[in-house]
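K.L.:
Take the sequence shown: its letter number 59 is residue 59 in the UniProt record's numbering, and every next letter is one higher.
Please note that a few of the clues may not be correct.
To be verified - Restricting the straight-line Cα-Cα distance to at most 20 Å, the calculated cross-link-like pairs of lysine to any residue (SDA-like) are: (1) 163 / 137; (2) 89 / 128; (3) 18 / 6; (4) 140 / 124.
Keep in mind that the hints were calculated from the coordinates and are not lab data.
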Amino acid sequence: SGPGDEEIVCTVAPILRKLLSANGNNTISETSGVIDAMQGLANRVQFAFRKLIRVLADPLHPVVFLLDDIHRADDASLQLLDALVTDPKGTGGLLFVTTSRDNETDVHHPFLLLLQAIEQEGVRVESIQAKNLDQEAVNKMTSILLRSNIETTESLAEVVYSKTHGNAFFVIQF
1 SGPGDEEIVC TVAPILRKLL SANGNNTISE TSGVIDAMQG LANRVQFAFR KLIRVLADPL
61 HPVVFLLDDI HRADDASLQL LDALVTDPKG TGGLLFVTTS RDNETDVHHP FLLLLQAIEQ
121 EGVRVESIQA KNLDQEAVNK MTSILLRSNI ETTESLAEVV YSKTHGNAFF VIQF
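Construct the complete structure from the given sequences, taking the supplied hints into account.
P.N.:
Set out below in structure tokens:
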């Protein structure tokens, strides 16, 4: 027999060790039956994380994951995401917020295919597409950041816009 469920979860995410030890009687091992010894490590990790989420998440105390640049995720990570989102014993207190760059994906990208499959299983998926700011918005943002009026920052905003193409992150960095 390999490591216990708590050990698998804590090996992948060591910060959870403190949370699990503070959780008292609600340990991962107490929430489910024995894992078949013949399952692969990936299945054990998925199963352990499903049990962890069942222990930690509920509608009054949701767990929110922010996964940045999900288009770069490997297959094992996408499989874990799928297992967590589609858990039939899920508590409803789980939210994933993901970011991806649509210019680095196409309709055959594994993440987009996963989203389609998740939606077909009845899981609610909301997509919000962030667009670049236009020059007027860059000027407004520049004036706010510099605590100045819009007329004063107009020429600077033109330069900022030409360098950043309206990408809000780069506007702030500029």
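K.L.:
State for each hint whether it applies.
P.N.:
Results for each hint:
no., hint, in the structure
1, 163 / 137, "holds, 15 Å"
2, 89 / 128, "violated, 28 Å"
3, 18 / 6, "holds, 11 Å"
4, 140 / 124, "violated, 35 Å"
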